[in-house]
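Residue numbers (our numbering), protein chains in the order written: chain A, 1 to 288; chain B, 1 to 350.
Please keep in mind that the hints were generated in silico from the structure rather than gathered at the bench.
A hint or two may mislead.
[Said to hold, decoys possible] Calculated lysine to aspartate or glutamate pairs in the DMTMM-like style (CA-CA distance at most 25 angstroms, straight line):
{"no.": "1", "chain 1": "A", "residue 1": "Lys95", "chain 2": "A", "residue 2": "Asp177"}
{"no.": "2", "chain 1": "B", "residue 1": "Lys173", "chain 2": "B", "residue 2": "Asp100"}
{"no.": "3", "chain 1": "B", "residue 1": "Lys73", "chain 2": "A", "residue 2": "Glu247"}
{"no.": "4", "chain 1": "A", "residue 1": "Lys101", "chain 2": "B", "residue 2": "Asp55"}
{"no.": "5", "chain 1": "A", "residue 1": "Lys95", "chain 2": "B", "residue 2": "Asp222"}
[Claimed, not checked] Selected chain B positions facing chain A (Cβ under 10 angstroms, derived; list incomplete):
{"no.": "6", "residue": "Gly50"}
{"no.": "7", "residue": "Leu51"}
{"no.": "8", "residue": "Gly62"}
{"no.": "9", "residue": "Ala66"}
{"no.": "10", "residue": "Pro70"}
{"no.": "11", "residue": "Arg87"}
{"no.": "12", "residue": "Phe97"}
{"no.": "13", "residue": "Arg105"}
{"no.": "14", "residue": "Leu108"}
{"no.": "15", "residue": "Ala146"}
{"no.": "16", "residue": "Gly165"}
{"no.": "17", "residue": "Ala169"}
[Said to hold, decoys possible] Ranges of calculated distance between the beta carbons of each label pair, as one might list FRET restraints:
{"no.": "18", "chain 1": "B", "residue 1": "Gly250", "chain 2": "A", "residue 2": "Asp177", "range": "16 to 22 angstroms"}
{"no.": "19", "chain 1": "A", "residue 1": "Trp276", "chain 2": "B", "residue 2": "Asp128", "range": "28 to 34 angstroms"}
{"no.": "20", "chain 1": "B", "residue 1": "Pro70", "chain 2": "A", "residue 2": "Phe76", "range": "24 to 30 angstroms"}
{"no.": "21", "chain 1": "B", "residue 1": "Ser138", "chain 2": "A", "residue 2": "Glu97", "range": "28 to 34 angstroms"}
Since this is a predicted model, take the numbers as computed values, not measurements.
Here a beta-carbon is modelled for each residue, glycine too, at the ideal position from N, C-alpha and C.
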Amino acid sequence: MSDRPTLKGRHASVSEPRLVRWLLVAIALAFLCVSVVLPLVSVFSEALRNGVSAYIDSITDPDAISAIKLTLLVAFIAVPFNLVFGVAAAWCVSKFEFWGKSFLSTLIDLPFSVSPVISGLIYVLLYGAHGWFGPWLQAHNVHIIFATAGIVMATTFVTFPFVARELIPLMQEQGSDEEQAALSLGASGWQTFRRVTLPNIRWSLLYGVLLCNARAMGEFGAVSVVSGHIRGLTNTMPLHVEILYNEYNFVAAFSVASLLALLALVTLAVKSFLEWRHADELAAKHKH
Amino acid sequence: MRITVQNIAKNFSNMKALDSVSIDVKSGELVALLGPSGSGKTTLLRIVAGLETPDAGTVLFGDEDASSWPVQKRQVGFVFQHYALFRHMTVGNNIAFGQDVRPRRARLAKSVIKDRVRDLLRLVQLDDMEARYPSQLSGGQRQRVALARALAIEPRVLLLDEPFGALDAKVRKDLRAWLRQIHDETGLTTLFVTHDQEEALELADRIVVMNKGMVEQVGTADDVFDSAATPFVQDFIGESNKLAVDILRGAVFLRGQKLSVSAGNLADGPAILYVRPHHLLISEPGALAMPATVTGIRRSGARYRIDAILSNGQQQVEIECRTTVQVSAGSQIHLIPEYGRVFAQNGLGS
Chain A
1 MSDRPTLKGR
11 HASVSEPRLV
21 RWLLVAIALA
31 FLCVSVVLPL
41 VSVFSEALRN
51 GVSAYIDSIT
61 DPDAISAIKL
71 TLLVAFIAVP
81 FNLVFGVAAA
91 WCVSKFEFWG
101 KSFLSTLIDL
111 PFSVSPVISG
121 LIYVLLYGAH
131 GWFGPWLQAH
141 NVHIIFATAG
151 IVMATTFVTF
161 PFVARELIPL
171 MQEQGSDEEQ
181 AALSLGASGW
191 QTFRRVTLPN
201 IRWSLLYGVL
211 LCNARAMGEF
221 GAVSVVSGHI
231 RGLTNTMPLH
241 VEILYNEYNF
251 VAAFSVASLL
261 ALLALVTLAV
271 KSFLEWRHAD
281 ELAAKHKH
Chain B
1 MRITVQNIAK
11 NFSNMKALDS
21 VSIDVKSGEL
31 VALLGPSGSG
41 KTTLLRIVAG
51 LETPDAGTVL
61 FGDEDASSWP
71 VQKRQVGFVF
81 QHYALFRHMT
91 VGNNIAFGQD
101 VRPRRARLAK
111 SVIKDRVRDL
121 LRLVQLDDME
131 ARYPSQLSGG
141 QRQRVALARA
151 LAIEPRVLLL
161 DEPFGALDAK
171 VRKDLRAWLR
181 QIHDETGLTT
191 LFVTHDQEEA
201 LELADRIVVM
211 NKGMVEQVGT
221 ADDVFDSAAT
231 PFVQDFIGES
241 NKLAVDILRG
251 AVFLRGQKLS
261 VSAGNLADGP
271 AILYVRPHHL
281 LISEPGALAM
291 PATVTGIRRS
301 GARYRIDAIL
311 SNGQQQVEIE
321 CRTTVQVSAG
331 SQIHLIPEYG
341 RVFAQNGLGS
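In isolation and in its complexed conformation, chain A is listed as follows (with noise of 0.2 angstroms):
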C-alpha cells in the first residue's frame, strides 16, 4: 500500500493520457487480428468447410500422406544433423581462439542472410544436370535435385544457423572455466563435454532445435527450387499446399495446411513453456 502514491506519480508523469494509450493498445490488437489471427482461424475454417470427413480425406489423401511423409523425414534427417553441427560450431566458435574465427562465425550467419531461393538455386547450380558436379552424379546414378536427398541438404543448409546462434552467445557467457576445472579434475575431453557443457547449455539446445525443427518443416524457397514438385515423390507438406491451392482445391489446401499451422502452435507453445521456466538461460541469447 505504501508505494502506490509513488507508482501513481510515476506513471502520470511518464505516461500518456488514457485516451493515447488505448488507441495504440486497440491499433496494435487490431493488427494482430487483422495480420495473425484471422488468418489462422481461417485456415481452419477452411479446412473443416466440408465437415470433418472432408478434411481427413484430405490428409489421407496418398499424396498428402507421402508429402507428411517426406516433410518428416526430411526434418528427421536435418534437424539431428544440425543438432550435431550446431553444437560443434558453438563449441568452436565460443570456447577457443583460432586464425579464421571471425570468418567461420560469418559463414554460419550466412543462411540466414540468403535468400531460400538463392540457396536452392545453388544446389541446382552444384548438383543439377548442368551443374558442376551434374555429370559425374549422373554417371554414377546419384540424384540429388529433384530427389529427397537435395531437398534434404537445401533444408539443412537454411536451417543451420538456428541452433548454433542460439547456443553462441550462452557459450560466450559461460566461459570455458567449468570445462577446464573438469579437465583439471581428470575428466575426459568427452566426459567434459558429457556432464558439464551439455547439462549448461540443455534448454538452449532445446529451444534452438525446436526453432530449427519449425523451420525445417516449413521451408518452402529452398526446397522449392529442389524438389521438382513431383507429386508422391518430392514434394514437401508446404510444396503440396501450394499445388492444391494453384489447383483450386481449397479445402484440401487449408487441411494439410491447417497440419502446419498446428505444428506452429505447438512450437510456440513449448517455446512460451521454456522461455517460462527458464529465463535465465535464455536470457543470454539475441532475438532473431
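Based on the hints, put chain B in the right spot on chain A.
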C-alpha cells in the same frame, strides 16, 4: 611433491608473457607468485597445471619431466579465480566429480566417495551444504567448495589462481588464515597467484616477485621487504620515498649533503635512494640530518603521515611517525634516513 620450472617461455601474439622463467618449489612449501597484472604470474601457474602449453622450457614434478603430460595426468588441484563450480551440480556432486569421472577400475566405491565428500565438507567447514547449488552460496563458501573439490582428487600439488581476489576484505582475511591451516594440515605443496602483497607477505613461505614475464626476486617476506633485489621489488612491495642522490666513494650524497645510509659497492655516479616512510626519523639538526618543511599532516590509523619538502633540492617525501610528534604545517624539521636501499640510476626498471 617438489615442482621445478626451468626456462619457461611463452608468447601471446607477439607479447612476451613469460621470458625464460625458472623457479623451484620445495615439497610441502607454500609459495606465492606476486606481481602486477600482466606480469605473467597466472600464465606460469596455468603452465604448471597443464592448462597452457609453454613455447619452451620444462616443468618437473619431482624428478619426472611433466612437460608433455596432459592436464588430466598431472593430477593438480587447481582453484580458479572465479571458482568455476559446476553450476548445475550440488555442492556434494561438485566435490565428488573428480572421483566420478575416473575409469571404473580406478574409481572408489560410491559409499567411500560419499564419506570422502563428507570429510572434505567438514574440512572446509561447510558440513550441511552438501545438497545446495553453487548459486545458493556466498562467495567465500563457493571458494571453499572449489578448494574441497580440488582436494578431492588427492592432488600432488595445489595451485590457486587469485584465490581471494573476488572476496571482500573481511572474508579474505579469514580465508587467508584458514588456507594456511589447511596447507599445514594436508602438507601439500602449494603455489598461489596474487597481486595483493599483503596476502603474499602474510601467507607464503617464500614469494616469487614477477614483473613483465620475468622473475625479479625469490625470497621470504623479510627478504623481499627489507632487502629488495631490484628497484621494481622495492617499489612494488610496501611504500618508498624515491630520492635522486649521488654516490661518491661509497658514500651517499643529497645535493652535496652526506647521508647516513651506505651505498654498498655501487659505482660513483647518480643513483636513487629508496627510503620507507617509517624509516625517515625526525631528529635534532645535525650534519647527517636533511632539513625539510612540513606541508601537511594526516592521521592514518595509529600513526601520523607527514608530507614534507626537503630544503635541499625541493624533493617531496612522506614520513610515518608516532602521534606523539609535535609538528604542524609549515614547521621546520630534520630527517635522518634510518635505513634505505640505493640502486644505480640505470637499474631503474620501472
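Going through the hints against the structure:
1. Distance hint between Lys95/A and Asp177/A is fulfilled; the C-alpha atoms sit about 10 angstroms from each other, no more than 25 angstroms.
2. Distance hint between Lys173/B and Asp100/B is unfulfilled; the C-alpha atoms sit about 33 angstroms from each other, more than 25 angstroms.
3. Only pairs whose Cα atoms come within 25 angstroms are accepted, and Lys73/B paired with Glu247/A is rejected, the gap being roughly 69 angstroms.
4. Distance hint between Lys101/A and Asp55/B is fulfilled; the C-alpha atoms sit about 22 angstroms from each other, no more than 25 angstroms.
5. Restraint check: the Cα-Cα separation between Lys95/A and Asp222/B comes to about 43 angstroms, which exceeds 25 angstroms; the hinted pair is violated.
6. Given the 10 angstroms rule on beta carbons, the hint for Gly50/B holds: about 8 angstroms separates it from the nearest Cβ of chain A.
7. Hint on Leu51/B holds. Least Cβ distance to chain A is approximately 6 angstroms, under the 10 angstroms limit.
8. With its C-beta approaching chain A no nearer than about 19 angstroms, Gly62/B sits outside the 10 angstroms limit, and its interface hint is violated.
9. Hint on Ala66/B is violated. Least Cβ distance to chain A is approximately 14 angstroms, over the 10 angstroms limit.
10. Look at Pro70/B: its Cβ gets to within about 8 angstroms of chain A, closer than 10 angstroms, so that hint holds up.
11. Because the beta carbon of Arg87/B sits about 7 angstroms from the nearest beta carbon in chain A, less than 10 angstroms, this interface hint is met.
12. The closest approach between the C-beta of Phe97/B and any C-beta of chain A is roughly 6 angstroms, which is under the 10 angstroms cut-off, so the hint is satisfied.
13. Below 10 angstroms, beta-carbon pairs count as interface contacts, and Arg105/B has none with chain A, the closest being about 14 angstroms; its hint is therefore violated.
14. The criterion of a C-beta within 10 angstroms of any C-beta in chain A is not met by Leu108/B, whose closest approach is roughly 13 angstroms, and the hint is violated.
15. Hint status for Ala146/B relative to chain A: holds, with the closest Cβ pair at about 8 angstroms, below 10 angstroms.
16. Taken as an interface hint, Gly165/B does not check out: its beta carbon lies about 14 angstroms from the nearest beta carbon of chain A, beyond 10 angstroms.
17. For Ala169/B, the suggested interface contact is broken, since its CB lies about 24 angstroms from the closest CB of chain A, more than 10 angstroms.
18. In this structure the hint that Gly250/B and Asp177/A lie 16 to 22 angstroms apart at CB is violated, the actual value being about 54 angstroms.
19. In this structure, Trp276/A and Asp128/B meet the distance hint of 28 to 34 angstroms, their C-beta atoms being roughly 32 angstroms apart.
20. Taking 24 to 30 angstroms as the suggested C-beta distance range, the pair Pro70/B and Phe76/A does not conform, at roughly 38 angstroms.
21. Checking the proposed 28 to 34 angstroms range against Ser138/B and Glu97/A shows it holds: the Cβ atoms sit about 33 angstroms from each other.
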